[in-house]
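K.L.:
As a plain string of letters, each chain reads:
Protein chains: 2
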Amino acid sequence: MNRIITISRELGSGGRELGKRLAEALDIAYYDKEIVEALAQKSGLAEEYLEGISEKRISFYYPITYSNSFSLEPIRYQNNIMAQQNEIIKELAEKSDCVIVGRAADVILADYHPLRIFVYAEMAARIERCRRRDHGHERTDWEYKKFIKATDRNRSHYRDLIGDREWGNPLTCDLMVNTTNISIKSIIPGLVAYQEGYFQSLK
Amino acid sequence: MNRIITISRELGSGGRELGKRLAEALDIAYYDKEIVEALAQKSGLAEEYLEGISEKRISFYYPITYSNSFSLEPIRYQNNIMAQQNEIIKELAEKSDCVIVGRAADVILADYHPLRIFVYAEMAARIERCRRRDHGHERTDWEYKKFIKATDRNRSHYRDLIGDREWGNPLTCDLMVNTTNISIKSIIPGLVAYQEGYFQSLK
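Chain order of the listed sequences is A and B.
According to my numbering, the stretch in the first sequence is residues 1 to 203, in order.
According to my numbering, the stretch in the second sequence is residues 1 to 203, in order.
These aren't lab readings, by the way, just hints derived from the structure by calculation.
Accuracy of the hints is not assured; some may be wrong.
[Stated by the list, open to error] Estimated spans, in silico, between C-beta atoms of each pair:
1. A:Gly44 to B:Asp141: 26 to 36 Å
2. A:Tyr112 to B:Asn169: 28 to 38 Å
3. A:Lys42 to B:Leu161: 50 to 60 Å
4. A:Ala150 to B:Ala83: 38 to 48 Å
[As the list claims (entries may be wrong)] From the derived model, a few chain B residues whose C-beta atoms are all more than 10 Å from chain A:
5. Ile28
6. Glu34
7. Glu47
8. Tyr120
9. Glu128
10. Cys130
11. Arg133
12. Gly136
13. Ile148
14. Ala150
15. Leu175
16. Lys185
17. Gly190
18. Glu196
19. Leu202
Just so it is clear, CB atoms sit at the ideal spot from N, CA and C, and this is done for glycine as well.
Next up, chain A with everything else stripped away, as it sits in the complex (with noise of 0.2 Å):
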């Protein structure tokens, strides 16, 4: 069976560069926006429309058209969108091992055994990543926290669709790294060696 590293990330804790690093010191494959690229393929829908579809409620995304509070089509609508996503991730994990960021990858691939990584920060060092960033586009202390909490929200709402287990809850991780006080690169070395151990560990 390959071997899957899942990323889950608050935002501004640099955990997509965690995912990048640890690929490409392992020199496996990195997923992240190709599962969004892949999607659009599939659905023929927009990439920049489904790529809030794991970041924020889907019924904001829900087609104009089809607008009705009282109609059970954009439940149905997301499913099927959520569903295209799930067989991509599967697809993708079947292929080589890989390091996949984000869209409830560790959920939607636990029959892989994958080693599930969370990545976290202290709220001012997440506003300090977000405004590096935003360079030159730079927002104020209290819009980035509002920012991170909502999308906190709907990550975890995310994740509450895709199955019953709970974001950021300890016991739904293998390893969780707290990166408030330290550079994402330092500790490259140190996840190599971890996921070896793991893996060796779980056959």
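Starting from the known structure of chain A, fit chain B onto it as the hints suggest.
P.N.:
Below, chain B alone, put in the same frame as chain A:
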């Protein structure tokens, strides 16, 4: 400044084994019961008596001759023992690099910027580990569960006494290790590499 690694752990998660193996691999000091021994020497109290102080509610340990539920004596007495223990922990941290298990050392040594590892596992795995340890004196699942939950509660209570931080809250840990599916031995090389990068990055 010395490199300090603190291990907080759930009962039955293998945190003590992890701490011991990590200290061995790094060839640095390991403190666990040694703290109790030093405390016994310092306070003149019996080791058996002191051993439970960070595991059980301190009032249980208050000598019966002082017992008076309307008196503040037990609290003063308890604070005195805790202060002595904290002093010993700081002395050990000053001496050399070390791994310290339990006793809220991560809070007491906050100024030393320790790598704070939290070790945890699913209930079934914790019961199983306790049972292996009790070889020949096994108890029922229900008894283990009750004992584990009581110990969790008391450790958490001890944390409340020592500082304002919440036991097992990810934001009070730097790395959280779920030992449910793996052997402790297998992840030691990963932790050795992780702490190396962590302390380098912290500088």
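K.L.:
None of the hints should be skipped; say for each whether it holds.
P.N.:
For each hint, the structure was consulted:
1. For Gly44 of chain A and Asp141 of chain B, the Cβ-Cβ distance of about 52 Å falls outside the hinted range of 26 to 36 Å, so the restraint is violated.
2. The hint said 28 to 38 Å for the Cβ distance between Tyr112 of chain A and Asn169 of chain B, and at roughly 30 Å that hint holds.
3. Between Lys42 of chain A and Leu161 of chain B the Cβ separation comes to about 56 Å, which falls inside the hinted range of 50 to 60 Å.
4. As the Cβ distance of Ala150 of chain A to Ala83 of chain B is approximately 44 Å, the hint placing it in 38 to 48 Å holds.
5. The claim that Ile28 of chain B is not at the interface with chain A holds, since no C-beta of that chain comes within 10 Å of its own (minimum 17 Å).
6. For Glu34 of chain B, the shortest C-beta to C-beta distance to chain A comes to about 27 Å, beyond the 10 Å cut-off, and the non-interface label holds.
7. Against chain A, the non-interface label of Glu47 of chain B holds: every CB pair exceeds 10 Å, the least being about 33 Å.
8. For Tyr120 of chain B, the shortest C-beta to C-beta distance to chain A comes to about 6 Å, within the 10 Å cut-off, and the non-interface label is violated.
9. The Cβ of Glu128 of chain B sits about 15 Å from the closest Cβ of chain A, beyond the 10 Å cut-off, so the non-interface label holds.
10. Every CB of chain A is more than 10 Å from the CB of Cys130 of chain B (nearest about 18 Å), matching its label as outside the interface.
11. Distance check for Arg133 of chain B against chain A: the nearest CB is about 20 Å away, which clears 10 Å, and the non-interface claim stands.
12. Consistency note on Gly136 of chain B: stated as away from chain A, and its beta-carbon is indeed over 10 Å from all of that chain's, at 27 Å minimum.
13. Every Cβ of chain A is farther than 10 Å from the Cβ of Ile148 of chain B; the closest lies at roughly 14 Å, confirming the non-interface assignment.
14. With a least CB separation of 19 Å from chain A, Ala150 of chain B remains clear of the 10 Å interface cut-off, as annotated.
15. Here Leu175 of chain B does not stay apart from chain A, with its beta-carbon only about 6 Å from theirs, under the 10 Å limit.
16. Remark: the non-interface label on Lys185 of chain B conflicts with the geometry, its nearest Cβ contact in chain A lying 8 Å away (cut-off 10 Å).
17. With 10 Å as the threshold on Cβ separation, the claim that Gly190 of chain B sits away from chain A is violated: the shortest Cβ distance comes to roughly 3 Å.
18. Not every C-beta of chain A lies more than 10 Å from that of Glu196 of chain B, the closest at about 7 Å, which undercuts listing it as non-interface.
19. Under the 10 Å C-beta cut-off, the non-interface status given to Leu202 of chain B relative to chain A is violated; the minimum distance is some 6 Å.
Hints 1, 8, 15, 16, 17, 18 and 19, counting from the list given before, are not met by this structure.
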